[in-house]
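Engineer: Please model the complete structure; the sequences and the hints are all you need to start from.
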Amino acid sequence: MIPEIGTLALILALLLALTQAVLPLWGAQRGNLTWMSVARPAAFGQFTFILIAYLCLVYSFLTNDFTVINVANNSYSNLPAFYQFTATWGSHEGSLLFWSMLLSVWTVAVATFSRTLPEEMVSRVIGVLGLISVGFLSMLLITSSPFLRQFPGPAEGSDLNPLLQDWGMIIHPPMLYMGYVGFAVAFAFAVAALLSGRLDAAWARWSRPWATVAWAFLTLGVALGSWWAYRELGWGGWWFWDPVENASFMPWLAGTALIHSLAVAEKRGAFKAWTVLLALITFSLSLLGTFLVRSGVLSSVHAFAVDPQRGAFILGFMMLVVGGSLALFAWRAPRMVAGGAFTWFSRESMLLANNVMMVASVAAVLLGTLYPLFIDALGLGKLSVGPPYFNAVFVPLITPALFLMGVGPLMRWKGDSVPDILQRLKWALAIAMATGLLLPLTLDGYKPWAVLGLGLSTWIALTVLIAFRERVKNASQLFTLPRAFWGMHLAHLGLAIGLAGITMVVNYERELDVRMNVGDQAQMAGYTLTFKGTENYSGPNYEGTRGTVIVSKDGEERFTLYPAKRVYNRSGSVMTEASVRPSLFSDLYVSLGEPLNNELTTWAVRLYYKPFINWMWLGAVFMVVGGFLAATDRRYRIGAKARATADSASPNTQGA
Amino acid sequence: MKSRHKKLSIIAVALVLVGGAAALVLNAFQSNLVFFFSPTDVHQGKAPADRVFRIGGLVKEGSVKRQPDGLTTSFIVTDTVQVIPAVYTGILPDLFAEGKGVVADGKLGSDGLFTANRVLAKHDENYMPPEAAHALEQAKEAGKTLKTY
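Those protein sequences? They're chains C and D, same order as listed.
So for the first sequence, the numbering used here puts the first residue at 1; every next one is plus one.
So for the second sequence, the numbering used here puts the first residue at 1; every next one is plus one.
Don't read these hints as lab results, they were simulated from the structure.
As the structure is a computational prediction, the values presented were derived from the model and not from experiment.
For each residue, glycine too, the CB sits at the ideal point set by N, CA and C.
Hints are not guaranteed to be accurate.
List time: in silico BS3-like cross-link candidates among lysine-lysine, alpha-carbon distance up to 27 Å [said to hold, decoys possible]: (1) K426/C x K414/C; (2) K382/C x K140/D; (3) K140/D x K267/C; (4) K6/D x K382/C; (5) K100/D x K46/D; (6) K7/D x K140/D; (7) K6/D x K267/C; (8) K60/D x K414/C; (9) K140/D x K60/D; (10) K382/C x K100/D; (11) K65/D x K100/D; (12) K107/D x K46/D; (13) K100/D x K60/D; (14) K6/D x K414/C; (15) K414/C x K473/C; (16) K60/D x K7/D; (17) K140/D x K100/D; (18) K382/C x K107/D; (19) K107/D x K60/D; (20) K447/C x K473/C; (21) K382/C x K7/D.
In silico negatives: residues of chain C with every beta carbon more than 12 Å from chain D [as the list claims (entries may be wrong)]: (22) P118; (23) G168; (24) Q309; (25) V356; (26) K382; (27) V393; (28) L462; (29) L478; (30) Y508; (31) A525; (32) F559; (33) T576; (34) A604.
Structural biologist: Here it is in structure tokens:
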């Protein structure tokens, strides 16, 4: 009964999405206020029905209704309740429903927070969001229903993939999806602007906070994904250049380019066509990311052949969104008026350089991610692109961007003088170079990549300090600075922190595979680890073996680690549960390999020393906080409408 | 006239930069493609001698042997037609077991021994790595054609 209510709610939501798409868009074209006014109620109604559908799915999971195929495939009666809940987005079907729900959440947010915008613009934005929703909801109903039933249902479900049974997985997908879907709003603003022909600074100001919030969510999502991989995959890696990771990294890079070029569009009215194009690309990459990870195409391109309807739907939908929006762009973009002029040495040109390098990185990652799929799909053989490719390409492309990141924010718009900037930055440059060259001397081995990474990280951090020093004369002024200023610099500082973490862990981590008997000791970065043997234990849905490793330093016992192996009852999958002792400056990480004798007294054990690894995620936290601060800057909150009318009166406005 | 020169020189610089980036990308791409070969392919001499490639198939029953140091394991990869002896030092993934699918990256020695530098971890009891499944499929097809001959 409940799953049928879910399906019914989805059908009603689809009808409302159609209404939300057609009437407001048509009304905006015709200038019909009555039709436009349908936008908001339809958005609220659609949200209500998708929420009902989603709650029906949650109910089916929590009550172990195994007649629902999706529940039978992804849950298990002994699975802890919160994993039963997160299993709702653990599958292709469930995650599509979750995606649709978040899309309606964003739509409701747009409907609520855009009361000061012109009705015509809001109608178009909500209408475009409705169109996207129509695509997703029809896909749910036609090819990927999470409510399909089987009678009789199996007595027991086949359990959620053990890898997903981790609390990092509880928060990672929602954050990532909030980011993906958030770029739908930036996309909708771009399409609305193309439809209306109103591509001005006001448009950039309206869509900028939305893009920034989406970017902040995506940053959090990508960082959580990496943190989850580090803790849960058991082997100490935090980034593998795996297609699944690249799928989320590409929209992040494009989104980073987008929020920077929106700055130019807002402040100087330049780069407008380029910004619109970036908004279209970013959302297209978000869609690509969703489908790459969720359609099964990565484990086998033949997954498409097994279910051709689903594959055809996904490809068709992608082509419609990408092709349609690019066609609209080609048709409308030439009408755009060029913005303010600038010289090669200006903040605009720095942001342009940022954009070029971000987009080049996206292209390089895209090539490495999709090429193997194409070759396989064409039947030309199987191959993969190794992680060295991505490192070899990404590092040289991103290094100049990191350097310019220090210069750009301190430059004036339109044009600045080279000697002036040199004068302001000479100390930062000298200290950064000295730090890069000298700091590795105190570390374990002098490595060129450490020189580069630490130098750049110091450089960015120092330029942030300079920005504050030039702006603030006394401490009380700190609290009156605009949030946008705080936001940008916190985010940049976050990147400096993250870069320092990455540099340290990549260059100075230590790894040791050892064979350990009960009582054996191993040395790692000044710590002595003593293996005390293993014992059996059991969890709600698994049986495990847990080792005890006592860690001491300078003859003094410090802490105990419990690396474990789990065998999940239902699927028989074996999972390595690493034990990590995190701290601000280094992690000690122990994984249990395999038993080397039948009595389970000798084990292969992997030990890691990971210096500064937590700085990576700490840096991401700074970036996220910075993003939210910037998006809630005062100028977005007040008087948008008043200024909008002023802006349209003088289309070539230079902004604030 | 002056602004046109400026524009041209900017375009020239942009082209050089884009060309440089493209060259970098393609060069790195070319040298980091890891091709896949089944044990049968390797026996037919299709695999490169001096380059990392990927093999896949089943771990032959009874072939897994641990060396005295405890961390080096030798095993045989088979596609049910041909076999490749392989060796790996380090901790094997959780699902590495005799009779199960395996995928490994590494180099082929002149003695025909495949030294793996990475054995891929796939955490699902029922899941066959796509490359391993592909190798078995190919071998099966080859077997069929032999019979009909």
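Engineer: Each hint should be assessed against the structure and marked as holding or not.
Structural biologist: Now for the hints, and whether the structure bears them out:
{"no.": "1", "hint": "K426/C x K414/C", "result": "22 Å, holds"}
{"no.": "2", "hint": "K382/C x K140/D", "result": "17 Å, holds"}
{"no.": "3", "hint": "K140/D x K267/C", "result": "65 Å, violated"}
{"no.": "4", "hint": "K6/D x K382/C", "result": "48 Å, violated"}
{"no.": "5", "hint": "K100/D x K46/D", "result": "25 Å, holds"}
{"no.": "6", "hint": "K7/D x K140/D", "result": "62 Å, violated"}
{"no.": "7", "hint": "K6/D x K267/C", "result": "25 Å, holds"}
{"no.": "8", "hint": "K60/D x K414/C", "result": "68 Å, violated"}
{"no.": "9", "hint": "K140/D x K60/D", "result": "16 Å, holds"}
{"no.": "10", "hint": "K382/C x K100/D", "result": "20 Å, holds"}
{"no.": "11", "hint": "K65/D x K100/D", "result": "15 Å, holds"}
{"no.": "12", "hint": "K107/D x K46/D", "result": "13 Å, holds"}
{"no.": "13", "hint": "K100/D x K60/D", "result": "8 Å, holds"}
{"no.": "14", "hint": "K6/D x K414/C", "result": "16 Å, holds"}
{"no.": "15", "hint": "K414/C x K473/C", "result": "26 Å, holds"}
{"no.": "16", "hint": "K60/D x K7/D", "result": "66 Å, violated"}
{"no.": "17", "hint": "K140/D x K100/D", "result": "17 Å, holds"}
{"no.": "18", "hint": "K382/C x K107/D", "result": "17 Å, holds"}
{"no.": "19", "hint": "K107/D x K60/D", "result": "19 Å, holds"}
{"no.": "20", "hint": "K447/C x K473/C", "result": "40 Å, violated"}
{"no.": "21", "hint": "K382/C x K7/D", "result": "45 Å, violated"}
{"no.": "22", "hint": "P118", "result": "37 Å, holds"}
{"no.": "23", "hint": "G168", "result": "15 Å, holds"}
{"no.": "24", "hint": "Q309", "result": "22 Å, holds"}
{"no.": "25", "hint": "V356", "result": "8 Å, violated"}
{"no.": "26", "hint": "K382", "result": "4 Å, violated"}
{"no.": "27", "hint": "V393", "result": "5 Å, violated"}
{"no.": "28", "hint": "L462", "result": "27 Å, holds"}
{"no.": "29", "hint": "L478", "result": "39 Å, holds"}
{"no.": "30", "hint": "Y508", "result": "20 Å, holds"}
{"no.": "31", "hint": "A525", "result": "19 Å, holds"}
{"no.": "32", "hint": "F559", "result": "23 Å, holds"}
{"no.": "33", "hint": "T576", "result": "6 Å, violated"}
{"no.": "34", "hint": "A604", "result": "5 Å, violated"}
Of the numbered hints given earlier, the model fails hints 3, 4, 6, 8, 16, 20, 21, 25, 26, 27, 33 and 34; all others are met.
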